[in-house]
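J.: Protein chains in written order, with this note's numbering: chain A, 164 to 650; chain B, 773 to 874; chain C, 34 to 709; chain D, 331 to 840.
Hints are not guaranteed to be accurate.
Claimed, not checked - Between beta-carbon pairs, the in silico distance windows are:
| # | chain 1 | residue 1 | chain 2 | residue 2 | range |
| --- | --- | --- | --- | --- | --- |
| 1 | C | 255 | D | 614 | 28 to 36 Å |
| 2 | D | 757 | C | 69 | 51 to 59 Å |
| 3 | D | 642 | C | 572 | 49 to 57 Å |
As the list claims (entries may be wrong) - Chain C side only, calculated, beta carbon under 10 Å to chain B, not exhaustive:
| # | residue |
| --- | --- |
| 4 | 673 |
| 5 | 676 |
| 6 | 677 |
| 7 | 679 |
| 8 | 680 |
| 9 | 681 |
| 10 | 682 |
| 11 | 683 |
| 12 | 684 |
| 13 | 687 |
| 14 | 688 |
| 15 | 691 |
Quick caveat, the hints were computed from the structure, so don't treat them as lab data. A virtual CB, placed ideally from N, CA and C, is assigned to each residue, including glycine.
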Amino acid sequence: MIVLETDWSLMTPEISLAALALLVFTIDFMTGIHGKKPFIGRLAVLSLLVTAVLVILLNPGGGSIGDLFLVDPFARLFKLIILIGVAMVIMISMYYLDRNPEVYQGEYYSIMMFAALGAMLMVSSADLITLFIGLEILSISSYVLAGFKKHHRHSTEAALKYVILGGTASAFILYGMSFLYGLTGSTSLVEIGQAMPVLFQQYPALVGMSFLFMLVGFGFKISIVPFHMWAPDVYQGSPTPVTAFLTVVSKLAGFAIVIRIFTLAFGFEGIHGEWSFILAVMAAITMITGNFIALTQNNVKRLMAYSGIAQAGYLLVPFAVVLGDFSSTVIVFYSVAYLMMTLGAFAVITLVTEDSGMTDISSFAGLYYRSPYMAIAMTVFLVSLGGLPLTAGFIGKVNIFILAAAGDMLWLAIIMILTSVVSFYYYFGFIKQMFMTEPRPNDKELFVPGGLLTVVTVSLAVVLLLGIAPNLLLDIFNQYNWMPSFN
Amino acid sequence: MVSITLFLALAAILFCIGLYGVLTRRHLVIVLASIELMLNAVNINLVAFSAIGPFANITGQVFTLFVITVAAAEAAVALAILIALYRNRNSIDVLKHDLLRW
Amino acid sequence: MCHGILKEKGVGMMHYAWLIPVFPLITFLILLVAGRVLKEKVAYIGIAGLALSFLLSVLVLLERIGGETYTYVLNWMTVGENVVTMGYEVTALNAMMLIVVTLVSLVVHIFSKEYMKEDDRIHVFFAYLGLFSFSMLGLVLAPNILQLFIFWELVGLCSFLLVGFWYFKPEAAAAAKKAFLITRIGDVGLLIGLVLLFNRVGSFNYAEIYTAVEMDQLSAPMITTIALLIFLGAVGKSAQFPLHVWLPDAMEGPTPVSALIHAATMVAAGVYLIGVMYPLFLASSTAMTVVAYTGALTALFAATMALVNNDIKRILAYSTISQLGFMILALGTAGYVAGLFHLMTHAFFKALLFLGAGSVIFAVHHRQDIRDMGGLWGKMKVTSVTFLIGSLAIAGIFPLAGFWSKEEILASTLINGDGFLFLIALVTAFLTAFYMFRLFFKTFTGEFKGGDLNDPTEETFNEQAAWEATQSAEVGLDAGYEERKVYPNHQEVPENEPRENAGLMTFPLMVLAVLAVIAGFINAPFLGHQLEAFLTAGLNVGTQPHGALWLAFLSVAVAVAGISLAWAMYVKGFIREDFFSSKAPSIHKLFQNNYYLDDIYLAVFVRPTKEISLLLWEMDKTIVDGVITLIGSLTSRSGKAMGKHQDGQLQTYGLVTVFGGMVVIGLAFAVRGYFG
Amino acid sequence: MMANMLIWLVFLPLIGAILLFTIPKENVNVIRSLATIVSGMALILTVIIWGGFDRGVSGIQNGTTLPWFDLGFLQINFEIGIDGLSMPLLLLTTLVTTLSIFASFSIEKRVKEFYIWTLILLSGMLGVFVALDMFLFFLFFELTLVPMFFLIGIWGGKMRSYASFKFLLYTGIGSGIMFMTFLAIFTKGAEAMNFQGTSFSMIRLAEIFANPANPEVLSEGVKAALFLGLLVAFAIKLPVFPFHTWLPNAHVEAPTAVSMILAGILLKMGGYGLIRAGFGILPDQAAKFATLIAILGLINIIYGALLALVQTDLKALVAYSSISHMGIVLLGIASFTHSGMQGAVFQLVSHGFISALLFFMVGAMYERTKTRTISEMGGLSKSVPILAGFMLAAAMASIGLPGLSGFVSELLAFIGIFGASADLIPAAMTIGIIAGIGIILTAAYLLWAMQRTTFGPIKEKFMNLPDARPMEYVPMVGLLALSLILGVYPHILSDVINTTVIDIVSRIGG
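Okay, chain A solo, but in the shape it has when bound (with noise of 0.2 Å):
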C-alpha cells in the first residue's frame, strides 16, 4: 500500500468538507467571535449540500483505499443522510441561535460541520483505527456541542456527563479492539473479518470477550438500553438543536458503524447465531424500557430522549434478526425515515420551546391555534414516529416486523408491535397538547422562520412520500449491493 498509489479521490467529499468546515471556522475566526451570524450558517448548510452533492455524483461504482476506507452503497446512502441530517439540524440551529445570541455562533457551525467530517469518515472506515478516529472526532465534538450553552447549567452538566461516559464508553471500544487486533495482528475489519471463523475456533472466549466490551462502547454511543443512561440527561441539558443532531446523526452513524463491524468482523454465519439472540434481548429491553418510561415523561426533550432509545431498539430488530442486503435495506430506509420524523419533530419541538421558554409538554398547548401548519406537520412526524400508515415510520416499522417474522424471531416482532402501541400514548399526549388543549393565555400566533418552514416541509413531504410510495426509495435500495462483504 503506496500512499501515492491511492485512489484519494474516493475521499473527495470527506476532503472538501474538511475544507469547508476550515474555511467556516476561518471566516467566523475573521468576523469577530460575537454576534449573530446567520451567513456562517447558510454557509455551512451550503458546504454540507455541496458535499452531499459530491457524495451523490463522485466514485458510483465505490471502492477502497486500501482496507482502511470503504465507499460502498452502504457508505454513501449513510453519508447522505448524515449530510443532510447535519444541514438540516443547523437550519434547526439558525432559528435557535438566532433566539440565543450568547453562544458563539461561527464555531458552533465548524464544530457540526466537523462533526459530519467525523460520522462521515466513521461509516466509510474499514480499519479500526480510522473508524476509531471517526468516530472520536464525532464524540467530542458532539461533547462540545452538548455544552455550547456554557453558562447554562443544564448545557454543562450534560457535557459533563456525556464526555466522562462518553470516554469511558470509547475505552471500552478501545479495549475490545485491542483484543482483535492482538489476536489477528491487523487493524483491517476485512482482514479480521477473514481470520475470524479460525479465531473463533481457537480463542472463543477472547473474541467474545472483545465483541462484547465492543458492544458496551457502542451500545452506549447508540443508547441501546442498558448503555442508554446518560441520554435522557445528555438530550435534556444539550441545546434542542444539537439534541436533534444526536438523537439523529450521532445515533444513525453509531449505528452505521455497528452494522459496519459485526458485519465485516463478527459477521460470518457461525458467529452470527451467537450475538444474534444477544442482541434481540437488548434490542426486546431497550424497546420496553425507552417506550415505558416515556410514558411518564412530562419534558419534551427527555420524552424524545426515551422516544430515540425505543427507535434505536426498533433499529436493531432487523440488525439482530439478519445480516445482509435485506436488513441493510430495511434498516437504510427506516433510517432515512427516523431521520426525516425525527428532525421534523425537532424542528417544532425547538419553534415551540423556544418559543415558550420552557421545555415541558404543556408548552405545546394548542399549537394548532397557533400555528396550524406546525400542528399538522408534527402530528404527521409523530404518527409516523408511532408507526401509523400513511407515514414513512409506518413502512418502515411494518418492514422490520416482517423481516423479524420472516427471520424467525417472531416474539421480537410482538414486543415492537406492542411497545409501538404504548408510544401512541406518548404521542398522542403531544397530539392532545396541540389540538385538544386550548393555548396558553399569552401564547401568540407562532411565527415560522423560513429554515424551520423548509426543515419541516422537506421532512414532510419525504415523510409523506414515503408512506405512500416507499417503492421510490426501495427499488432503488433494492439494486444495491450494500456491502462487499455480503456476497
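Could you slot chains B, C and D onto chain A? The hints should help.
T.: Showing chains B, C and D alone in chain A's frame:
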C-alpha cells in the same frame, strides 16, 4: 521472553482500576484521570500485542499513537467542560451535578 | 329477479286478496304523511279503506266457498340452497278470518270517529288503526309461518302503540311496554319453534310443514317440542296463563282499541296460530294435553278474577282471557271447528261488549268503575239493549251466537277431554254468566251513582285501580312510579247526566248486536254445520265432536243459573254483595290481586334480573375494565420504576452501564458458553 | 374497469380530504357541501359497483393486484377486490358515512377538520373492506385509528380525552395483535412453501393453508394459536366480552355523527375481519373453535343486554346494545351454516343502519334536552313527536321487529345456530334458547328506555323543544328506509351474500 499474558493482565488491572475510579471517585479531575488510565490500559495491550503478540507488527503502535492523541484531545475538551461547569456551579464534586434527572 | 310463482291457476277475486291488507296500509301511509293536515277527515279515510277491505273480503269469501285454496308467492330471500318465499294464500280459515277482522275493524273505525273526535291526535289514532288492520290482515293471509310471525310481531307493535296511545299517562306507557314485553316472551318461543321447523322441513310454508308431519319427517319429541314452542307464542299473544298478565293492563288503551285488538282480533291470533298449525298439534298428544289444560286453567282463573273486579274494561278483559282459554281448550281437545267457531262468535259479541262499554265510558265521561255507574238502562237505550244482547251471547243463551260455539266446546271437552276439563268448562260457563250479569246489572240497573259528571273534584278511580296501575308500572322495571292522575279528554262537558251517544257510536253496536245474534247459526246443527264443512274441507284435522242435545240444555241451564245468581245479588239483593268476600276474604283478595302473579313475576324475574345486571355492571366497571386500567397503570408504573434509576448521578449511570454490560457478558457466557 | 373503480373508491375520500385542506375554514358551507359531495360520489361509486356485482360468482370479483413495493425478499402488493362479503359492507360504509355527514351539519366547531378526518376515516374503512392483502388490510385498519382519535378527542364530550386514548390504545393493541398473527400466518405460509412465492395475500395464504400437503409445518397447535390470535384481535374491534370496555366510553363521548360511524361501520371491521381472515385462511380452526365463538356470542348477547338494562345514560345503553347485537354476528358465524353465516353478514349491515339511526336519535335528543340521563327525560313525544317517533322506530328495529332488517338477521342467525351440526357445537340448542332470552332482554331495555324518555308526562322545561329540522330528516328517513327495505325485501342483500357464504361454509367440508 516475558509472556504476553503478564502485559495483558497488567492492562486488565489498569483498566479495572480506571473503571473503578470513574465509578467511585467524587473529584471530577480524578475521574478524568481514571479515564486516561483506562485508555492507557488499552495502549499497553496494543503495544504488547504489537511487540510480542501472535501476529506482532507495527500497526499496534500506530494505533497507540492515535489513541494517545485522541485521549489528549478528549482530555482537553473534558477539562474545558469542567471549567465551564465549575464556573456555573462552583463545584467539581461528581455528586453535586444532578440537575438533570428522571 | 323477483318473479312470482303462480302456484294455482284460476285468477279471480282471490288473486286480488292481497289488496285487502293493502287498503288499510294505504290509509296508514296517507294519514302518516298528511294526517295533520286532514285532521277531522282522517276518520273517513280510515273508514273508506276498511270498507273497501271488507267488501273485497266478502267477495273473496264468496269465491272461496266452493272454490279452492289460492296461493301466490314471491322469492323473499335466499338462504344457502333454500329459498324463502312470501306471498298470500286464501284458505277457508283465513277467508273466514278476513271477514271477521275487516268487519270488526270497520265498525271499530266507525265507532272511533265519534269516540276519539276530541282527541288532538286522532289522525295518529286512525293511522295506527290502519296499520293494525294491515298487519292483522297480513297475518291472516300469510301462506307460511314466517310471514305469519312477521305480521304477528307487527300486530304486537300496533298493540304497543295503541295501548300506549295516551303515552303521557305513565300507566299507559307502562302497560304498553308490559304488553309488548310479555307477548315477546311467547314470540321468542314461537320464533325458536319456527326456526326448528325450518331446519327440519326446509321451508316455512304451511303446506310443506303439513306434508312433513304427515310423512313423519320429524321425530315425535321434536314435534312435541316445536308444537309447545309454537303454543308458547299463542300463550303470549292470546293472553293465556301464565302470560296473561298483560291483557288487563292493556285496557289503558282507548276503548275501541280494546274492542278491536284485545278482544276480537289480535288476541285471537294465538288461537288462529294453533288453528293453522293444527296438524302439528294433532301429531303430539302431549302438546294437545298441555294446550287443553292451559286453556282450561286460564278460562277458570280469568273468570274468577273477573268476578271481583270493578273496572268495566278490566272485567271484559278478564272475560276475554277466559273466553280465549275456552277456545284453546277446544283446540286442545280436538275441537278444531269449535275453537275457531268460538273465535268468530266471540269476536262479534266481545267487540260489541267492549264498544258498549266504550259507549258507557264515553257517556259518563271516562269513568270506568262500575260502582260509579248504574241506572243507565233508561238513559242509553241502544247501548243498554245491545249490551244485554252481548251479555246474553257470551253467557251462552239460546239462540245467540255464544250458545252455539260454547256448546260445541263443551261437547269437545266432554268427548275428547276428560271429566276434569269438562267440569272446569262448565264452572267457567257458570262464572261467565255470573260476572257478565254482575257487570250488566251494576252498570245499567239501579240508580246512577256517578254524581255530577262535571264535578272536577270527583275522584273517579278507586284505590284498587290505582294499586293495579302501580303493579303494572312496577312490572315494567319502573320503580319510580308517579302519583296516579286522571287525564280527562273532554275539556267541556255540556250536560251533567249520561245520555245516549250519537248515531255513529250506536250504529256499530247495532251491527255487532245483530251479528251476535245470528252468527251462531252458520254452524248450527240443524243447518248442517255449514262452517265445519267449509273449514275442514281438504284438511286433516280429525273428526269434529258434536254434543248431544242434553248438553245444550245443560249449558243453557248453567248460564241461566249464573245470571240468576247475579240478579239475586245485584238487582234484588237476596244475597248481599259482599257475601263471598266477607265469607272468604283471602280468596277474594287472591282474585282481586290476580293471584299475585304480577308480584311473583316481579320478585322472581324482574328484580333478580335487575340485581344481577347491577352486579354485572359493577363487575364490568371494576373487574373487566379494571383489568384494563390496571394494565395501563402497571405500564406507566413500571415506566416510573424503570426511570427511577435515572437519578442524575453520573456514576450511577456509569455503574448501570458497566453492570449492564457485565450482565450481558455474563448472560452471553452463561447461555452460549464461550468458555465451553 | 370495475377494479379501477374500487381503487378510485378507496382514494376518492382521501383526495376529498386533501381538497378540503385547500378551502379556508371560514367557508363552512362550502366545506360541508364538499364533504357531502365527496362521500356522495363514493356512495354513487359503490352503487355502481353494486349494480355490476356478479351475484353468481363466489370468489373475488373486480380484483386488482398492483405491485406496491418490494423488500427484496418479499413483494408487497396492492391487492384489492370484493366478494359477497365485502360488497354489502362497502355499501354500508358509504351509506352510513354519507348520512352521518348529513347528521353532522349541526357541528359548528372546527368544521373543516371534522370533515377532513371523516373523509380520511372513510378511506380507511373502505380500504379495510376491499383489501385482500394482509399488509394492506392492516394498513387500512390502522388508518382508522388516527381519525377516530381526533374525532372523539376534539368533538367529544367531557371525558373525551380519556375515551379517545382508550379507544386508540385498546383498539391499537387489537390491530397490533392482528398484525402479529398476520406475520405468523405469513411466516408459516412461507415455511410451508419453502420460501418460494411468499406473499401476504389472503387468497394465496388460504390456498396454502388449505393444502393438505403441508402438515408438518402447519401443525394443529400452530394453526389453533393463529386462529386464536385473530379471534382476540377482531374480538377487540367487534367488540366481544371481555374486550368491550372501550366501546361504551368511546360512544358516550363521541359526537353523534362519529358514534354513527363507530357503531355503524367501525365495529363491522371486526366481524368482517374475523370472517375474511379467520374463516378465510383457517376455516378448519374456525370450525374447531365454533363452540367457543358461539359461547362468546352468547355471552355478548346476554351480557350486553343485561348491562344495557341498568344504564342510566341513554347513549351508554345504546352502546351496550351494540355489544349485545354483535353477539348475534358471532352466533351466526359460529354455526357454520349458510343461514347463520348469512345472518352474520346481514346483521353486520343491518346493525350498521339501525345503530347509526339509534345513535342519531339519541344525539338529536341530546342536542335538544342537553341531557342523556334517561331519568331526566320523559314525555318527549309531546314536544318532539317526530323525533320521538323515529326514535321508537329505531328502537323497534333494534328489538328486531319484523319488517325491519334486524329481524331478518336475527332470524337467520337463529336458524343457523339451531341448525348447527352437533359435531361443531354440542350444545347449540341450549345456546340458541339462551340467546332467545337475549331477545326478550333487548325488548326490555329498549322499551324501558323508550318508556322513560319519550313516554310519560313531559317535563316543563322540555315543552318547547324544536322538532326535527329538515336536514335531520335525511339521516333519519334514510337509515330507517334502508332498514325497512332490507327488512321487507331481504332478497336484495341475501342475493349478494349467498354465493360467497356457500363458498365459505363449504370450506370445512360442509
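J.: Work down the list of hints and note, for each, if the structure agrees.
T.: Outcome of the hint check:
1. Distance hint check for residue 255 of chain C and residue 614 of chain D: the Cβ-Cβ separation is about 30 Å, which falls inside the suggested range of 28 to 36 Å.
2. Between residue 757 of chain D and residue 69 of chain C the C-beta distance comes to about 53 Å, which sits within the given range of 51 to 59 Å.
3. In this structure the supplied range 49 to 57 Å holds for residue 642 of chain D paired with residue 572 of chain C, their Cβ-Cβ distance being about 54 Å.
4. Among the interface hints, the one on residue 673 of chain C holds; its C-beta lies about 9 Å from the nearest C-beta in chain B, closer than the 10 Å criterion.
5. Taken as an interface hint, residue 676 of chain C checks out: its beta carbon lies about 6 Å from the nearest beta carbon of chain B, inside 10 Å.
6. For the restraint placing residue 677 of chain C at the interface with chain B, the shortest Cβ-Cβ distance is roughly 8 Å, inside the 10 Å limit, so the hint holds.
7. Against a cut-off of 10 Å between C-beta atoms, the interface hint on residue 679 of chain C holds, since the closest Cβ of chain B lies about 5 Å away.
8. Interface hint status for residue 680 of chain C: upheld, as the beta-carbon distance to the closest one in chain B is roughly 5 Å, under 10 Å.
9. The criterion of a C-beta within 10 Å of any C-beta in chain B is met by residue 681 of chain C, whose closest approach is roughly 3 Å, and the hint holds.
10. Using the Cβ-Cβ criterion of 10 Å, the hint placing residue 682 of chain C at the interface with chain B is satisfied: the shortest such distance is roughly 6 Å.
11. Annotation: interface hint on residue 683 of chain C holds; nearest CB of chain B at approximately 5 Å, less than 10 Å.
12. A least Cβ separation of about 5 Å between residue 684 of chain C and chain B falls short of the 10 Å threshold, and the interface hint therefore holds.
13. For residue 687 of chain C, the interface hint holds, since its Cβ comes within 10 Å of a Cβ in chain B; the closest pair sits about 5 Å apart.
14. The closest approach between the C-beta of residue 688 of chain C and any C-beta of chain B is roughly 5 Å, which is under the 10 Å cut-off, so the hint is satisfied.
15. Given hint, residue 691 of chain C at the interface with chain B, holds; its Cβ is 7 Å from that chain's nearest Cβ, closer than 10 Å.
In terms of the numbered hints stated before, the structure departs from none.
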